[in-house]
Structures are given as structure tokens and as C-alpha cells.
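**Q** Residue numbers (the numbering used here), protein chains in the order written: chain A, 1 to 162; chain B, 1 to 410; chain C, 1 to 130; chain D, 1 to 129.
Since the hints were made in silico from the structure, they are not lab data.
Derived DSS-like pairs: lysine-lysine, alpha-carbon spacing no greater than 27 Å straight-line:
1) B/Lys374 with C/Lys71
2) D/Lys19 with B/Lys311
3) B/Lys311 with D/Lys99
4) C/Lys21 with D/Lys68
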Amino acid sequence: MNQRHHRHAWVRQRSRLAQAVGLGLVALIATAGCTGPVRSDGVYASKAAATAEAAASAVETAQLAVQEAAAGELFGRSLAQTLAEAASDAGDAQATFDAIQPPDRRSKVLRGQLDRLLTPAASVLADLRIAARWGDTAALPRLAAPLPKLAEEFQRFEEACR
Amino acid sequence: MRKLLEIALGVLTAIGGFVDIGDLVASTETGARFGLGLAWVVVVGVLGIIVYAEMAGRVASVSGRAVFDLVRERLGAGVGLLNLAASFFITLLTLAAEIGGVALSLQLATSVNYLLFVPIVGLLVWLVCWRVRFELMDNAVGLLGLALIVVAVAVWRAHPDWGAMLHSATHPVVPGTESHAAYWYFAIALLGSAMTPYEVFFFSSGAVEQRWTRSDLLVNRLNVYIGFPLGGLLALALMVAAALVLEPRGIDPSHLSQAALPTSLVLGKLGLALALLGFFACTSGAALETALSCGYSIAQYFGWPWGKLIKPARAPRFQLIVLVSIALGAGLVLTTLDPIKLTEYAIVLSAAALPLTYLPLLIVANDPAYLGDKVNSRLSNAIASAYLVVLVVASVATVPLMVVSKAGGG
Amino acid sequence: MRLSELLGAEVVDEHGHTVGKVHDVRLVQEGPRPGGAGPGLRVEGLLVGRRALGARFGFGRGADRGPWLLKALLGSAGHDGRYLPWGRIRSIQARQIRITGTAGDLPRPEPLGEVPLHREQTEGSWRVRR
Amino acid sequence: MAQRLDAALELLDRQLVDKDGQLAGKVDDLELTDPGDNPDPPDVTAILTGPAALAGRLHTPVGRWLAKAAARLLAPGHQQPSRVPLDQVEAVGASIQLKVAAGQLDAGAGEARARRLIGGIPGAGDAAQ
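Isolated chain A, as found in the complex (with noise of 0.2 Å):
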């Protein structure tokens, strides 16, 4: 019952400009949800957290997706699209955390931390995808096995930013 949850990850800034149409149309709602430019260590200390958090999303569903392919549950296609989709899920997480400039020094130690979590994360949701794509759902429990403990640590870290 101690999970964050957040939002960050879907008004990721993109460059296409397509998207810049679209998002323009909704502008005067979208404002809500964006990112912007962090004052105080508390305040970047929070986005941390929700990073965690939504990080953690990522990796909870592809193990549960793993689960459940190893069961002979889920289609070779569903699951490649359950994996693809936590991995971006991950990455676009990550990339939001790092476009915010830390404000102090204390800032940029906590962003060392989430960072070294972060990156190993991704790396595995993309070898669970890579594996999925491929069929190979044989090799994917072993890919997954880094997957508890990392959740495990993304929830410390997201509570104690909290």
C-alpha cells in the first residue's frame, strides 16, 4: 500500500513536431501535468520520488508479465507489447528525471543515487524485450531475476525522499 504514483512520464517533452500540434490543442489542460523548473531541494526531492515510483510501475508490470508468460498466460505478441511498453515506460521516466536541472548540491547526490538505480532497470526491461520479440520466452525468468530487488530499491529510495 506505500506505492507513489505519477504522471511526469506521460507529457515527456518531445521534439516532434506533430505532437507540438496535438499537444497544443489540449494546451490550456496540459499545463497541469508538466515539468517545470524545480526551486527548492524539496520540491526536486518529490520528482525523485514520483521517477521511483513510476520506474517501479514499470518493473512490477514486466514481472508480472514474465509471470505470467512462464504460466503460458499471456500470447507472444501481448507480451511483447507488455514488455515494450514498460520499457519505454522506464526510459521515458528516466529521460523526464534527467531533463530537470538539480538545484544544489544535494540535489545532484540524489540524482546519482536514482541514476544508478535507474539504468541498470532500463537495461534489463530491454533485454526483456529484446527476448520477447524474438520468441525467446524460455531465456526470460533469467533475464528477469535482477527485476524483485530492484523494485525492492526503488520503493526505499521513493520512501525515503518522501
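Knowing the structure of chain A, use the given hints to seat chains B, C and D on it.
**A** Chains B, C and D in isolation, oriented as in the chain A frame:
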């Protein structure tokens, strides 16, 4: 016998037709984040749509008038026009979300990028609106939408602790990890998804076009009183499934694939296949209905010929609006705006606009000049009045809550 | 002139006091017009009031039905409504109507009862069918 | 006995239906004509319909802008409202029945334009069922 079959078909399609991309997203997301803490809103929303859809059907049957026709007549040209602009924009946004939802369910089944499906989906939706036996297609997807019952079966087979679930649903608390603003923001989203205005535009326009009369009042009531609550149960099942499987794992769903994970976990591949079919059918049906609703609202405001049963050449402006709306909706999805996010905004804005649709309906439903002796009963007036208060409060609170909760981000 | 030029116009009495806004225009049906052009509809007077919203919704026309919430919200048009016979108008300019006499002299509007479902034009007159 | 009716409540914004039962726009405004002897009240001489008539009704900038945009999009070249003389009115009720066909009204122009636009698409003349 034939009448009975007709009634059964109406009820069954009302069940499947109740759920659309808005319910899929809102129910799954709230279940995963708030457990059953927002289940009461689904009940409130279903009761609300029952009361007002029954009114819309009754007004259409007795007076032969569709809802947006009355909006103009009762609110006047000016307020009616603002109402039209808001309703059309929201319905268009919903149409885009539904098209996105169809494409996402196809992506989930095929693993082919959803953007590739968008133009095809748009074209098919338009073809059905243009000339392919609309009633047949709408009924077909409505029936296929019943595949979503598999989610309820999954909940059943998961053997949850029913007592504890009932307790948490009847004693709602805001989880310690969520802000009150986010809780109420999602409450409004759920209300908007259950009571979306396009449902009454479509329902009443269909009744007018099929020339419902007083003798159809029973069919109207059965559709609404049986179909909608059962449809609401499907929305509730999605929420419970998410609460059982996703919430304990800390998964905050942001994709349609995550909405299917609880069902496949419990029922395996067959369950997953049915769930995907249900997603596809529900969003397809809603895409058809929102596309037509775009045309209904504008054509009825200006008094132009409209209808899906008449030759397109006899209702050219209506058909043109439907065509342009589908193109705009598909175009909006093609900008790569996330369809799930689009859905969230569509249902929240729907909630904000609800009084615009339901106030004129309530006024007309009390006017003997339109309804003769079939005006509202005291009971439906009492309930409808209470809802109007709720809708106005929700409408006023929407934008502040959106800002404070950072659109539910908490 | 168009109906819309009258609707919403401000009515001011000879002392410069505002009576209210025009929220409806009462028409009277007359017999066939010369030249066989069918039955005439002629303006008889204006309904003026401070609260036009309820009137627009048809409230205050005979049966005041509906839940109390609507009545409270929209009010009854008869509340502060006045009837302005056409003959009392001095001038109509820029959405402002000046009248002779004072607001106090204006009668209450006569209720027309429920809106009939149907009026048919036959043999030069409008017949009401309920 | 002379009958009375309130124009905004009973006529304005009502649906127009042509002689063939086809929807033909809304009552967007009424034309009032002074009978000549000035103290006499004006006669209602025609129903006005179409976006141009609608625009004249709206007194807020947003409303005017919307109606003008609609007029430009839907009925270009029709900056004057369509006029239905009162003697062409068959009956007044929940809707206003006319003695003329919709195509004979100027408002039919917007409809004809849309028909030209979609008329080329196969199946335009078929009922969808």
C-alpha cells in the same frame, strides 16, 4: 416473441455499449491506485445515467425530439451555441480517444504499432456511418462487447475476500499515498465516464430515428434499468480486477495492456483473448456512436436533416460533419498524443460539461407541452434534482482539482 | 425590424428608471389580412422583467411544474414581470426602449396558460389543437 | 376570439419542417414590419433562418464569432438570411410546418453545397439501414 427478442437484444447491447475507452481507463486506473475506495462513484454514475437516459428516451418517444434539438429550443440560440461548441469539442475528443482505443487493442493483439491502425480504423468507422448497415454493426459490436464479462469471471475465479472488499467499498478511504485532490479528481473522471453526454445524444437520436412511440416506453425502461446497471457491473469488475492484481504490486496502469493483465493472470490465454475482444468491441461501438453524435449535435442545433438511416444525399451536411469529425479524431491520435491521456481529459471535461446537457433535459421532461401525462414522476424529479446539484458541484470543482492534483498526478 | 432587436433590450421609463429587459414579445393573431395574404400575426406588447432566464425556459406559463430545485433556480417569470403594451413605447434606439409613464403603471402580464401543442393555419386563422 | 402567443417561447429556435416532412433549419429570427401608420404595432411578416439570421441574434463576441464562422463555412455567399413569408407557414407546434419545399428556400444552398461535396462518394444515394 419477436418483441421479446428485440427487447433482449436491446438490453444486451446496452450492457456492452455502456463500457467504452473512458470506463476501461478510469476503472482500471482508479482500481490500481485507490483500490475500491472509488467504487461508490461507479454506483452513483450508473444511477445518474439511468435517471437521465430514461428521461431522454421518454422525451424522444413521446415528443419525437432528440436531446440537442431541445437544448437549442430551451437554452436559446446563444447559450445553446456555447453548449454546442463545448459538447462538440468533448465528443470529438472522446471520438479520438475511442479510435485510439480500437487501435491500441489491435496493437495488443498483433504487436503492430497502433498508429498504423488509426487510418484503417477511421476509414472503417466512417464506412459504417456512411452506408454499411449501421444498426447491424452497432448491435454486433455491442454483443461482442459482452466478452468483457470475462473480467467479472476472472474476479470471481480469483476467490477474493468478498467481505473485505465490500467493507473497503462501503468505507472508502483515501490511501495514505494519494492526495485528496487526486482522489476527488478521479471521482470526477469516473462520474464523467459513466455519464458521458454522447450517450444521451446517441440514445435519444436513435429513438427518434426509429420512431419510438409511447408503446416503446417499456422497451426504453428495460434497456435503461437492466442494461446500464449490468454495464456498470462490468466497469466495476475492471476496477476490482485492478484493485486485486495491480494495486498490491504498485502498478499504475498507463497502457491498455496493463488493464488485461489481471484477466490473463487468472484465466490464461482464453481469458486474455476474450478481454482483448471485449476492449476492441467496446471501443469500436463507442467510436461509431461518438462519430454520429458529433453529427447529431451540430445538425440538431441548426435544424438540418440528420440520421444514419436516411440516404447520405438526403442529409449531406450531417454526413459531412461525421466525415470531418472522424478525420479530425483520427488526426488527433496520429499526432502521437497518448490515447490514454486523451481519454482522461475527455472524461474529465465531459464531467465538467454534464450540467449543460442534463439541465435542459430535466426542464423538458417536466413540460406537459412536450410530454403530456408522461412528465417526470416525483421520484425521478427528486433523484434528478439531487444529481443536478452533484453535477454542478463536480463541474465547478473540475478545473481547480485538475490544477491542484496536477491532472491526477498527486 | 427584427424580433431580436427587441429581445433583451433595456426598458427605461420616463424618469430614466430601468424597468427591466424584454424577455418575450407577445403576438396576437388577427383575421385574414387584406389581399388574402393569410392570417396576420401582430405584435401586441412586450414582456419585461428582471429575471428572463426562467421565462425563456417556459417557466411561469400556466402550470408551474417540475422539481422545487428548478423553480428555485429559474424563478417564476410572473415574479417581477411586467407587460408593456406597444402603445406605451416612445422610442426604440440602440437596444433601449423608452416608454411613457412609470414602471409602476405597467400591468402584470396576463398568463396565457400552457403552450398549446399545435396551431394550424386554416381558412385565414390559426386554430389551436391540443 | 383573438389568440395570443409569446414569440420567443413558442416560435424562436423551433424546428422548421418543409412540405415533404424534411427538416429545413430553425426559426433563427422573425421579421417585423411597421404597417405604415406609425403608432400601430408591427406585423410579423416572415420567419428568418440561416446562420446570417442567427448571427444577428447573438450579442456576445464569442457567439457572434462562432455564428459568423458557421455562416462562412456552411453557407458561403449567403450573408442575408433566408426568408419564409408567414403565409407559407402551415402550422405552429413543437415544430413549424411550412407549405414550401426546403430546396426552394435559400437555406437549401448550404445543403446543396454539402451534397455536391459528398455526392461523388459511392453510396451517397443508398439508405444505410
